[in-house]
Amino acid sequence: MSSIMPSLINSPTYFIIKMHEKAVIKELKRKALQIRKWVIESVYQAGSGHPGGSLSIADMMACLYFHEMRHNPKNPAWEDRDRLVLSKGHAAPALYAALALAGYFDVEELKNLRKIGHFLQGHPCMKKVPGVDMSTGSLGHGLGAGVGMALAAKLDKRDYRVFVILGDGEIQEGSIWEAANAASHYKLDNLIAILDRNKLQIDGPTEEIMHLEPIAWRWQAFGWEVVEIDGHDIEEILHTFHEIRHNEKPTLIIANTVKGKGVSFMEGTLSFHGKPPSEEQYVRAMSELEQAEGELND
Amino acid sequence: MIEARITEKRRNLRDAYSSALISLGEKNENVVVLDADLALSTKTKRFGTVFPERFFDMGIAEATMMDVAAGLATCGKIVFASTFAVFATGRSYDSIRQSIAYPELNVKIVATHSGISVGGDGASHQMLEDMALMRALPNMRVIAPADATEMEDVVFKIAEADGPFYVRIGREDAPIIFESHGHFEIGKGYEIRKGKDVAIIATGTMTAEALRAYDILEKRGIEAMLIHMPSIKPIDEKLIRKAAKETGAIITCEEHTIIGGLGDAVAMAMHDEPVPLYRIGVNDVFGESGGARELMEKYGLTAENIAEKAEKMVNRKK
Ligand SMILES: Cc1ncc(C[n+]2csc(CCOP(=O)(O)OP(=O)(O)O)c2C)c(N)n1
Ligand SMILES: [Mg+2]
Numbered sequence: 001m002s003s004i005m006p007s008l009i010n011s012p013t014y015f016i017i018k019m020h021e022k023a024v025i026k027e028l029k030r031k032a033l034q035i036r037k038w039v040i041e042s043v044y045q046a047g048s049g050h051p052g053g054s055l056s057i058a059d060m061m062a063c064l065y066f067h068e069m070r071h072n073p074k075n076p077a078w079e080d081r082d083r084l085v086l087s088k089g090h091a092a093p094a095l096y097a098a099l100a101l102a103g104y105f106d107v108e109e110l111k112n113l114r115k116i117g118h119f120l121q122g123h124p125c126m127k128k129v130p131g132v133d134m135s136t137g138s139l140g141h142g143l144g145a146g147v148g149m150a151l152a153a154k155l156d157k158r159d160y161r162v163f164v165i166l167g168d169g170e171i172q173e174g175s176i177w178e179a180a181n182a183a184s185h186y187k188l189d190n191l192i193a194i195l196d197r198n199k200l201q202i203d204g205p206t207e208e209i210m211h212l213e214p215i216a217w218r219w220q221a222f223g224w225e226v227v228e229i230d231g232h233d234i235e236e237i238l239h240t241f242h243e244i245r246h247n248e249k250p251t252l253i254i255a256n257t258v259k260g261k262g263v264s265f266m267e268g269t270l271s272f273h274g275k276p277p278s279e280e281q282y283v284r285a286m287s288e289l290e291q292a293e294g295e296l297n298d
Numbered sequence: 299m300i301e302a303r304i305t306e307k308r309r310n311l312r313d314a315y316s317s318a319l320i321s322l323g324e325k326n327e328n329v330v331v332l333d334a335d336l337a338l339s340t341k342t343k344r345f346g347t348v349f350p351e352r353f354f355d356m357g358i359a360e361a362t363m364m365d366v367a368a369g370l371a372t373c374g375k376i377v378f379a380s381t382f383a384v385f386a387t388g389r390s391y392d393s394i395r396q397s398i399a400y401p402e403l404n405v406k407i408v409a410t411h412s413g414i415s416v417g418g419d420g421a422s423h424q425m426l427e428d429m430a431l432m433r434a435l436p437n438m439r440v441i442a443p444a445d446a447t448e449m450e451d452v453v454f455k456i457a458e459a460d461g462p463f464y465v466r467i468g469r470e471d472a473p474i475i476f477e478s479h480g481h482f483e484i485g486k487g488y489e490i491r492k493g494k495d496v497a498i499i500a501t502g503t504m505t506a507e508a509l510r511a512y513d514i515l516e517k518r519g520i521e522a523m524l525i526h527m528p529s530i531k532p533i534d535e536k537l538i539r540k541a542a543k544e545t546g547a548i549i550t551c552e553e554h555t556i557i558g559g560l561g562d563a564v565a566m567a568m569h570d571e572p573v574p575l576y577r578i579g580v581n582d583v584f585g586e587s588g589g590a591r592e593l594m595e596k597y598g599l600t601a602e603n604i605a606e607k608a609e610k611m612v613n614r615k616k
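Chains A and B, in that order, give the protein sequences.
Residue numbers for the first sequence follow this note's numbering, so the first one is 1 and each next one is one higher.
Residue numbers for the second sequence follow this note's numbering, so the first one is 299 and each next one is one higher.
Next up, chain B with everything else stripped away, as it sits in the complex (with noise of 0.2 Å):
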């Protein structure tokens, strides 16, 4: 079992993507990254400062940046492309299926500002679709690390895996939650907590909640398996099954609509042995403006509703 708790130490996700991109970059000639103005919020612009030849800005225009993505990797390139997650899938969608994903390019998109948790900015800007509209395309693989240490990890893993990926992290800073590195294998998940009475299966930043709802959980006499999830698609069945198999009664927690990601990932993976599955996410409707918090709370993308839910759970097993 890998060494997984929510210390005191806190990093933003973007910045270890930034370091990660100028390690990369200093390895290999070959890895160009592409922003279209936000390049300050997303953090590339650290990589084109130190790499101003091999760094674009696009302006604001996603779509073409996805094109142009496309055709710098049939040239050999590794083309690292990020944005706020809203305008690099829902914006882009076409781009990325007819030049990256349809012809299997090897293009990173590394999105930021998913989910809810943008806050203040409001519906518009909080993209909860993402994971269901890459899920969707063949041949994109699609991460969602849980903390900047996994973050790093998985620039490097997908740097090095041929092809296109979709990884997609928040805004706000996250608690540390893996102290050291090296666990990250694409389609693998994690057991992060041994238990029997109920999996909760969590991705991106709602592993820190889960493993806040698992002491709650625990405090209440129940023993919740826990799997941090971080690769969505190819997503770890083998994982999922024995959670099945073992508890009985799973739970997904996604910081994403309820349609077409992480839950209905795992209902797909358990699909001829299904068990009962409820899924913790936004449920089918936009977001509002709001502290991060807040809405965390507001939508139930907290360790209560988590823990909340999973007794319920339980006490129907009964």
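Here chain A stands alone, though its shape is the one from the complex (with noise of 0.2 Å):
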């Protein structure tokens, strides 16, 4: 987090501030249990769905809807919100679960996920729920779209920020690499790309599927500002966004992370891109959830 004088480190306030931090930071690794909880209520409620890519946004999810960016769910069309944009829709279970416990929306509605005359939509529909700022599903889109929001913010001189996630299998669309090049070029420094860098995609890891090392350097070369972190670090993920307020490009950060994070048997398999658990499995991933949330407790 924040950045502290040396004088300080051996102060009573220095010791408060630390105190203070470890509790955000606890409290922002049970909201991404609840998420990770309700990805797995949800999807196995509807009986389809993608699990593993929602899991491994989950702490990102938290930390950008529980303190990162500025939001109201009392009023989503908020003209002065900091946008997000999930490019990757197929983790909607994860931002309807971080949507339902900012209050967007009664939480009971995530056990209607995909079913037929309800709103929760099997990909993000910003006609349709309230706090999505942009319809995703097919992959390649949602970075464009971030610019056209960045570029809207300029124009109309306001200070929000936009937050596109993408998926690492995602920036394969050449629509990516456009998008990437209009960033840099319209020089939108409040444009913020957050890479869920999990190594897999549908048909396998994506190395094999199509190479996309050495990513950082792409994007470097394109323009942007680039940090790697590890994406299930809270405090990491936290101080990263503190150190980048103040880039003067478009940045991305490189989240590395673990594809079905949070679930053991989830964790860096490709089964469970787009399958919901079994009722066993089902019972399996809540206890472990359940576990860790106790742990967190203790």
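Source of the hints: derived by calculation from the structure; they are not laboratory data.
Using N, Cα and C, we set each Cβ at its ideal position, and we do this for glycine too.
Treat the hints loosely; a few may be bogus.
Said to hold, decoys possible - Only some residues are given here: those of chain A computed to face chain B with a beta carbon under 10 Å:
#, residue
1, Ala46
2, Gly89
3, Gln121
4, Gly122
5, Gly204
6, Gly274
Hints are included, so try docking the two chains, each in its own frame, into the full complex.
As structure tokens, then:
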């Protein structure tokens, strides 16, 4: 988090800041676990959906919606809110869980994910779901939309920021690179892309299907500021958000993650990309997550 | 008349696709298959396992996949390129137009997961305009088979015919309608039930519904002519004109928007001698998440709705 002057390090003030930091981090960990539980719950109830890529962004979602982003669940259309585009729209269960937790809509709605006549669509729909800033689902469109939102902020002299969450497989789409180029061309320092680097897509590991590395180097060459972090380390995520606040270029955060993170038998597997847990797996997943919650309280 | 009925057996058209691809691959080493990170879903991965050197996963880059397919075709390859219908056509439209249709190259686009019965993924993934997009392209031929048997025949036939094709299939298992192989010809429709009161023309997944509708109508004393139309372009104009003449009323059934698909193709075919035409399809709206069957029902893509509309048309004739 905030950088501390050396003279402060042994002072009582520093101690208080540290204690506060610890409490914040613990609370965000709790939020991330809640998001994970609701991802499992909603995908299980729906009988279809994408748990793997939803679990890998749970920590990031917690940090964004409960720490970093300026937003107001009572006023989803607030013009000065920070925007979030879930470009990898299949991770909708994580977005919906975060939005429900923040109070955009009733938590009970999560049980109606993907059900006919209910508003939580399989992929984010901005016309139906309060808090969703952009409709997505077809990969490769979200960064361009984010560029548009960031340009509008400049035009209107507003200081909101735009966060775009990209899948690593997703950046194989050429349109991502067209948007990346436009972002640096227009000097969009208010645009932050977060790459969920879980190293898997549907057909296999990204580097086997269509190589992406060296990712940082490629984005730097496109005129972006790039930082690489552990996408499951809340402290590091918060610290990074703090550090990049005054970047003068668009910023890419490469968040190294594990697909399926938090549920042992989903971690690092291909099979839970787009498959719900069975009843037995659902029970196991929930008990693992509840155990993690318990450990957090100890 | 070819034998057609809804049997107890069900088979996924994607399985039929991959089996046919493998036997094509065995016969002809120029057969090459491309996919865009959906090879497990489209089932082209099975071809890739048997012929790894002739299978290319292009990653999540559908438009480029179509350009690459075109390039391979210029060098004498018979190229099959597959992904979900929404990405195969919408996302890749300009690549198809410029690199495949215009130079009339030997690329077969076989798209799975078309239509509203994709289900839970919702509107973003429910491709309802693909036939309209592909029909509008000169040189492009458009095929929508009804069952797995026909699908295999389609794959063999389009591999023999030079030039571009677009084949659309759904996600769900489908009942076997044709128990024997061999009827499929490009540009031909099939009268699978004789009748004089009204003609029902169906394609793709809707042929099974139309067969059920026939039975419902029969019980109500209505004799419907039933036409299965796997070839949307070129379309069997002769058969459409015959149906118009003999019945005086036509209903088209497609799991597609009512704009630009089978309904429009049928209307065009009988332009100078039109009869009343009712189109069953999705009425110019996006879909939504839900169960496959629930959605088919909500959007009127059922035997019951076909029968109801057919009965109305027959009554209006009197
Ligand atoms: C344009 C497009 N092509 C294909 C798909 C089908 N699809 C959904 S998720 C996915 C894999 C995404 O991989 P990645 O971006 O790495 O996401 P994650 O691992 O975070 O789930 C694919 C190919 C799609 N939604 N959009
Ligand atoms: Mg990934």
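Requested in this report: Run the structure past the numbered hints and jot down the numbers of the failing ones, going up.
Outcome: Going through the list in order, the structure violates no hint and respects every one.
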